[in-house]
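Here are the chains, one letter per residue:
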Amino acid sequence: MAVPVEALAAIPESLNAAEAAPLLCAGLTTFNSLRHSGALPGDLVAVEGVGGLGHLGIQYANKFGYKVAAIGRGSENAALAQKLGATIYIDSNGSNAAEELQKLGGAQVILATAPSSKAMSALIDGLAPNGKLIVVGATFDPIEVTPIQLISGSRAIQGWSAGTPADSEDTLHFSELTGVRPMIETYPLEKAAEAYARMLSGHAKFRVVLTM
Amino acid sequence: MATPRIAIAPMKVALITKPGADFEIVEREIPTPGARQVLIKVHACGICHSDVLTKEGMWPGIQYPRVPGHEVVGVIDELGEGVSEWNRGQRVGVGWHGGQDGTCLSCGAGRFSKLPKFENSGH
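Residue numbers (our numbering), protein chains in the order written: chain A, 1 to 212; chain B, 1 to 123.
Be aware that a few hints might be false.
30 Å max Cα-Cα, derived DSBU-like pairs, lysine-lysine [said to hold, decoys possible]:
1. A/K191 to B/K12
2. A/K103 to B/K12
3. A/K67 to A/K103
4. A/K205 to A/K63
5. A/K103 to A/K63
6. A/K118 to B/K41
7. B/K12 to B/K55
8. B/K55 to A/K118
9. A/K83 to A/K205
10. B/K41 to B/K55
11. A/K118 to A/K205
12. A/K191 to B/K18
13. A/K103 to A/K83
14. A/K118 to A/K63
15. A/K118 to A/K83
16. A/K191 to A/K118
17. A/K191 to B/K55
18. A/K67 to A/K83
19. A/K67 to A/K205
20. A/K205 to A/K191
21. B/K18 to B/K41
22. B/K41 to A/K205
23. B/K12 to A/K205
24. B/K55 to B/K18
Examples of chain A residues toward chain B, derived with CB under 8 Å [claimed, not checked]:
25. C25
26. G85
27. I88
28. T164
29. P165
30. M183
31. E190
32. A193
33. A195
34. M199
It should be emphasised that the hints constitute simulated quantities derived from the structure, not laboratory data. In this text the structure is predicted, and so the values were computed from the model without any measurement. For every residue, glycine included, the Cβ atom is placed at its ideal position computed from N, Cα and C.
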């Protein structure tokens, strides 16, 4: 492909192509949103969704020194979330995740990665005073929130889109430095349709990468 | 000076001919990088959930046929005119941000995602 130079990010030698690729969107989005979130080391940060973005968000949040709560549907990913750096796992199928977060004092930041507006809406009451829901899971459905929910506790909801090539290089260097890596499933280019279907299925662990 | 390329034409791409169409694996001529562009020989490309926007035609204004993808990693294979800060053989990546032309105030302020003429990569 032909690309304008201002779109380029240099790839560190220690990262192979297939593991570097997901860091350029999924990694960049989670890294860059968390580092600009205002959360400080020691703060409770929840990552909603243990998937393509979430499994990276948990790792970055852990490396930033946050107390990390992973929120997933079912217990399937609990052990993995803890291995990635979450100290708390909340199964939103079996409990009210917002209440669970409030029992811990409320989350300073909730990084909403799963593309479910309903799940995001249900988490807003889990925010601490001055807490922020950062929306990175892309959907077209409305998030439901009342003004009172936001006013009480001065809470905020913010969207975040990836970043610049300079931010990509920061993401790559930080990942190289701290050992944050995506979990990937690779497919040859010729199987692009199969790989795309695998991504859509929601069962990939966790990022699907085409190699060529 | 532009440098001669290493890759042998043609190249293989996973193409969407129109919104909602299935992927097709087709051969295409290798593009020539324009001024201030580089040619990348792609080694890997992640598939992101937001590629749905391209594949299913939910992003306004983008052109088809299109080769989706915005998690690209490869090696610079050729330099276009006026490129001196990158070298052939250097490993590079491209994300959602596909470039900016530097002509508006948002560019000057670094607010690239707010650009009226924001360019996207293959997504």
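Looking back at the hints listed earlier, which ones does the structure fail to meet?
2, 6, 16, 26, 27, 30
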